[in-house]
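Novice: Spelled out from the first residue to the last, the chains are:
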Amino acid sequence: MRSFFAILILGMFFTLSASIEDDITNTLVVNSEKVTSILRDKNMPIKEQDVELIRVVDPLFDFDLMGRLCLGKSIYNSLSQEQKSRFHDVFNRRIKESYISKLHLYTDEKLEFQRAERVKDTRITVLSYFITKTERKPVLYKFYETDNKKWLIYDVDIFGVSIVQTYRNQFSAALKTKTFEQFVDELDLNTTE
Amino acid sequence: MMIEKFYANRVVKYPKITLFLLLCVVVFLSFYIPRLSVDASAETLLLEDDKDLIYTREINSRYQAPDFLVITYTPNAPLLSDESLKNLRSLKNDLESLDFVDNVISILDVPLFKSPSKPLKELLQNIPTLESNSTDRGLAKDEFLSNPIYRNNLVGKDFITTAVVINLREDKKFKILLDKKNRTKKASDIQEFKDYREIKRQKEHLNLQEIRGVIEKHSNDAQLFLGGVDMIADDMITYVKSDIKTYGTIVLLILVLMLYIVFKELKWVFIPVIISTASIMATTGLFGLLGFEVTVVSSNFISLQLIVTISIIIHLMVRYRELFITQNELSQKELVLQTVTSILKPSFFAIITTIAGFSSLVLSGILPVIMLGWMMSIAIFVSLVIIFLSFPAILVLMKKSDKKIYFKPRFSLTAFCSHLVEKHTTAVVVSSLSIFALSMVYTFDIRVENSFINYFKKSTEIYKGMEVIDRSLGGTTPLDVIIDFPKPKEESAKIQQESGSGDEFDEFEDEYNAIKNQNQYWFSADKMDVVRSVQNYLESVPEIGKVLSLGSVLELGRSLNDGKELDDFALAMLYNELPQKFRKIVLSPYVNIEANQVRFSMRIVDSNPTLQRDKLLKKIKFDLVHKLGLKEENVHISNLMVLYNNMLQSLYNSQIKTLGLMLVLLGVLFLAVFRSWKIMMIAMIVNIIPISLIFGVMGYLDIPLDMMSITIASIAIGIAVDDTIHYLHRYKKEYYKDCDYIEAMKRSHQSVGYAMYYTSITIMIGFLVLVLSEFTPTIYFGLLTVLAMFSALMTDLLLLPALLLILKPYKNR
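Protein chains in written order, with the numbering used here: chain A, 430 to 622; chain B, 858 to 1670.
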């Protein structure tokens, strides 16, 4: 009897965990279809497309965490509350714009999702392939489990290049020669451009 | 006395055996002549211990620049017309069919991104070229002229000329053997390398002829020139070899003619020619046997040996004829004996002094100059031995002539000189010293330049080719700036130190620290800012032609990205996504991520007359450090221009050092030979003036000191010392006849003065022929040798006796 329960619990755990990974994959599939249909809607003006795209993408990402990761621990921890909130404000706008602009580059290609893989207790990655006429190129979505048990994207590796890592490089280089305020002003300027 | 016995009992007694033995030695050595190789390759012209050479080799192997040649193509029809493109295609096909050609790059096959503009995504899938159907030629022209990689590189600013780049197949074996030779320094490895290099050079020469054949075939459609740095080396060897052949023969013919005009007897032509030829053959063979190599610097050894050999023989001939006339009662044997024994001593001293002069070059520390020192010393010694064995042996076999030929010309320069010295002693000294002072002033104007283009006359193919490349296609001489970035290890250590103790961040931090050194993330904004600023700086330097680097790629990227700079993400993507064949063209030559450095590949406009190479190199380094704020240890300048410049600068320094040493040695030897401080001083003054005059004239005429003209000073000393010793030796003898300084001078001028005069006039007229050469160094060499001969003759016939008359160094007996 005890072993039956044990098996049952174990079985439940597996089904449960499998369902989280399936859920995540499904969410990505559904949302990528939404993204594709928005992008392919030739009647919709670009600005409107952008608004729609953000509405689809926004709930999937933890842009605040991405911002913190892009700055790096030592810098982020040294900031005042005010500085942090200004940074998140500017960064979130910047990263959304940048992500959306990249989406615009691809309209005809298919995105093929593989099954999600749990790499750590609190980390899941979903590998997908971008299918062009001649090639299959990898796009890796990286999820983490938040404190309130939600799974959100904290980074995307596009064709082997991590968005967060490139920002980390860029920001740490910029902060070697600029004050934090100058740096955020510049980021703001580049965003609104 | 011993010498006289040796001559009487051996050489003159058994002349046939002496000649036979000598012939055996010369024939034996001659077998080794083919083993003496001329090596004008870049390798020999560089300083062996040059740190920059080691660095340049390292950089060249890291960035793997293949050997290439460039054809400049100026079609008769407009560049993008159907006709021109058809002809260009046919040229490309012909070149690519050659087995040693790896590939050919021309305007036909480089990617075009904006002709017409397409979305980046579409471009990456299928990058169009001029040959693609969709390409608009009007737009293509604009793109060629605006693309940072193509403009002033693949196409000229005027869009009339284009470059066809021939990439040659890599010779892996050569590199392996070169590395092995440099590493082990074993004799067997060096020989293996030399043998293979000779094969390679012959093959390369044939390859160039094949390419020239292709060019010839297409010369009706366009004006084509073959250029490139490799061409310079090949053409230099070709010119040096052909000049030695052509002008060597002409100089010899003129010497024959001059000898006949002066001495009016065939035997006086035959003897010097036979002996000089035997001396040169034996010396060349000996060098082959010793494994020496002739470089551009030492290629003049034959000229110097010829000068010294002819000079000694003429002294012997003049002495013999003098004795023949004054002591006609003596037998041929006695005449020969007296001639040889009276000339042997001064000749021996002259030669020992000259050898001492040249051996000071051995201390210069520069391999080609050291070799020149050895080769000159050995050559002169061989001549001395051969002359003093063969001359008496040949002459004693000949019958004593019946006719007495007096060879007093209608105008006697020597008599004129002695008259001038007698009447205007002080004026002679004052004007000599004024010439010296004036020469010294101009000596400081001497430039050290390593202009390649000025080595060739304007009418030569290579000059025209280099000029087109200079004017339209971005310059000829390669120069690299290498910038190292601070080591990432130092940075990460700094960050870890700052980040403090662990919290929720740490897992993510570890994740990113683990991937941050992956290659694609190397292209960070701060590095790109440095690249852009260095690129902008280098492009702003007027002496620099084309600059190619990651900066050009960034500029191209910006123009494709609607004028926005590529960000870190785009660059990382570019790195990951660029197909291998484009990565090899666009990134690999300019970026090395493992070494954490970037390379700026430049070409310098060599034909720029105001170019001061040493100054330019110093300015580039200074500006990069002080204006752009880069750390000095992170900025390196390398490649051919730096290496040649180093060699020339050190030649210049070593010339000053070795000249100083040479003068000290000369002083000591003069003192040993003449045993008088006064005479030593007189001899020194007389010998310094021709050298200072040579340098003064070079400064005045703006003849740069380079690897060829650097040998002139040594030759001037060789010639001047010879004359001085012969004259002083004779003068002393003449003086003690009657203790009359003026009469002694007159008699010396009439005897040894003739020998000096004939030697000089014969050699001067012979060497004047070199002026007709197509190779500028040969022309300068000819002119300066003539000047050295003339000034040595003048100081020995005017200043030397004038100083003797004033200082009266001999004691009355």
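Where hints are given, some of them may not hold.
Simulated pairs of lysine to aspartate or glutamate, EDC-like, Cα-Cα distance not exceeding 20 Å [as the list claims (entries may be wrong)]:
id	chain 1	residue 1	chain 2	residue 2
1	A	K476	B	D1341
2	A	K607	B	D1419
3	A	K607	B	D1424
4	A	K605	B	D1383
5	A	K471	B	D1424
6	A	K605	B	D1424
7	A	K605	B	D1341
8	B	K1029	B	D1015
These are calculated hints, taken from the structure and not from any lab test.
Novice: Take the C-alpha atoms of A/K471 and B/D1424, compute the straight-line distance between them, and say whether it is at most 20 Å.
Specialist: violated (29 Å)
Novice: Does the structure keep A/K607 and B/D1424 at a Cα separation of 20 Å or less?
Specialist: holds (18 Å)
Novice: Is the Cα-Cα distance between B/K1029 and B/D1015 20 Å or less?
Specialist: The hint is violated at about 39 Å.
Novice: Assess, step by step, whether the Cα of A/K476 is no farther than 20 Å from the Cα of B/D1341, and give holds or violated.
Specialist: violated (44 Å)
Novice: Are A/K605 and B/D1424 close enough, with their CA atoms no more than 20 Å apart?
Specialist: holds (17 Å)
Novice: Is A/K605 within 20 Å of B/D1341, Cα to Cα?
Specialist: holds (18 Å)
Novice: Compare the distance between the alpha carbons of A/K607 and B/D1419 with 20 Å, and conclude whether the hinted pair is satisfied.
Specialist: Distance ~27 Å between A/K607 and B/D1419 Cα, so the pair is violated.
Novice: Can you confirm whether the C-alpha distance between A/K605 and B/D1383 stays at or below 20 Å?
Specialist: The given pair, whose Cα atoms are some 9 Å apart, holds under the 20 Å limit.
When the structure is compared with the earlier hints, violations turn up for hints 1, 2, 5, 8 and for no others.
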